[in-house]
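Everything in the sequence shown is counted per my numbering, starting at 78 for the first residue and increasing by one.
Treat the hints as calculated values from the structure; they're not laboratory data.
As the structure is a computational prediction, the values presented were derived from the model and not from experiment.
Built from N, CA and C at the ideal position, the CB exists for glycine as well.
Don't take every hint at face value.
[Said to hold, decoys possible] Computed beta-carbon distance windows for the label pairs:
#1 Phe399 x Gly349: 29 to 37 angstroms
#2 Ser303 x Ala423: 31 to 39 angstroms
#3 Asp272 x Arg335: 42 to 50 angstroms
#4 His258 x Thr322: 25 to 33 angstroms
#5 Ser271 x Glu299: 20 to 28 angstroms
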Amino acid sequence: MMFVVLNVPEFMTWLRPIIKTRFHFHCSKRNSHLLVFPTDERLANITNVKVSSSSLFEDSSVGSKQPVTKGHRKLLKSSFATSSTPAGAEEEQRLKQLARTQESRRRLLSSICARYQPGVSEQQVSQRQVSRVYVEDRSRLLYCEVPKAGCSNWKRVLMVLGGSATSTRDIPHDAAHYANHLRRLDSYDHTGISDRLHSFTKVLFIREPFERLVSAFRDKFESPNSYYHPVFGRPIISRYRTNATRTALRTGAGVTFREFVQYLLDVRRPVGMDIHWEPVSQLCSPCALRYNFIGKFESLEEDANFLLQSVGAPRNLTFPGFKDRNPLAERTSSTITQRYFAQLDATERQRAYDFYYMDYLMFNYPKPFSDLH
């Protein structure tokens with residue numbers, strides 16, 4: 078197999094390879110490093126991983142395991158404690174299946190990282206790469222914030238675990254959004270970062286990429302917003318709308334989904350990237366941080382409560398299911414997502430898929446449209 082070594086920005090970790098040695102990509106002015114891409118084959122059968130019974134917190138990388146503390150082992154043992162009752166046996170099987178699902182997700186991610194970013198490790202992690210990671214020292218948790226994937230409620234949970242609140246219901250939206258009671262991992266020195274990366278449970282929750290994108294658009298551009306309309310809306314309308322009205326140029330309100338996608342895919346964006354639609358493969362550096370737990374928005378409460386049980390959270394603390402921002406608006410679903418993407422032509426949909434390709438690949442989401450390649 079031949080390899081091409083490309084000196085590209087770190088933002089390019091989501092680069093999508095295509096057949097015949099060509100690459101589609103976007104650029105960013107971030108620090109660069111070498112990435113190695115295979116040039117003579119496309120990724121095949123990578124999702125056919127076999128799951129064996131192992132610790133929930135083990136890294137499935139070949140020849141490498143994450144440290145598993147005594148506390149982790151004790152908590153896992155209690156999570157899978159056998160019961161003589163039928164209900165207990167059923168619960169035990171459910172927990173074991175959830176653990177197998179976690180191992181499968183880690184194995185897949187490890188395989189993708191080994192193929193696209195060989196040699197990347199936690200020893201090379203920069204402070205910028207952990208700038209979205211929240212720390213909860215009591216429960217020894219590290220949580221990477223992925224907007225539109227349950228992050229506000231996760232921050233509520235971390236506040237309760239840390240003792241700054243007694244109930245997730247008591248924490249208003251702004252307190253959860255700004256999370257002033259929580260500390261980020263990049264606020265520690267090198268030793269503090271390294272120690273926590275090696276001994277804490279690292280948690281990542283993700284969402285179907287197109288659905289997450291539509292959710293962000295609806296939240297930031299279809300509802301009144303004193304930040305996103307002037308900061309993003311005005312330059313988007315100015316760049317991509319022909320014969321824009323003075324009112325639209327002044328307020329930034331009324332950005333269409335197609336205009337938003339044009340901005341997203343523009344290599345010379347009139348305004349920068351935002352965490353609400355930045356690919357998770359860049360936002361949370363999964364190949365470098367090697368998360369112990371990978372949850373999905375599609376099974377959010379079950380995954381989250383399994384994690385809380387596994388790390389010994391109080392029994393009365395469960396993941397909140399309420400939606401406190403635009404509570405009357407219908408949650409963004411696959412049906413709603415399809416409706417928004419129907420506004421784009423086939424080329425625009427393909428380019429959007431290319432943009433999020435590594436997210437689709439790393440987290441085993443199927444192609445959202447049959448005509449994508």
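Here is how each hint holds up against the structure:
1. Range check, Phe399 to Gly349: about 32 angstroms between beta-carbon atoms, so the 29 to 37 angstroms window is met.
2. Restraint check, Ser303 to Ala423: a C-beta distance of roughly 36 angstroms satisfies the suggested window 31 to 39 angstroms.
3. One distance hint, 42 to 50 angstroms for the beta-carbon pair Asp272 and Arg335, holds here, with the actual separation near 47 angstroms.
4. Evaluation of the 25 to 33 angstroms hint for His258 and Thr322 yields a failure: the beta carbon distance comes to about 43 angstroms.
5. Taking the beta carbon of each, Ser271 and Glu299 are about 43 angstroms apart, not inside 20 to 28 angstroms as hinted.
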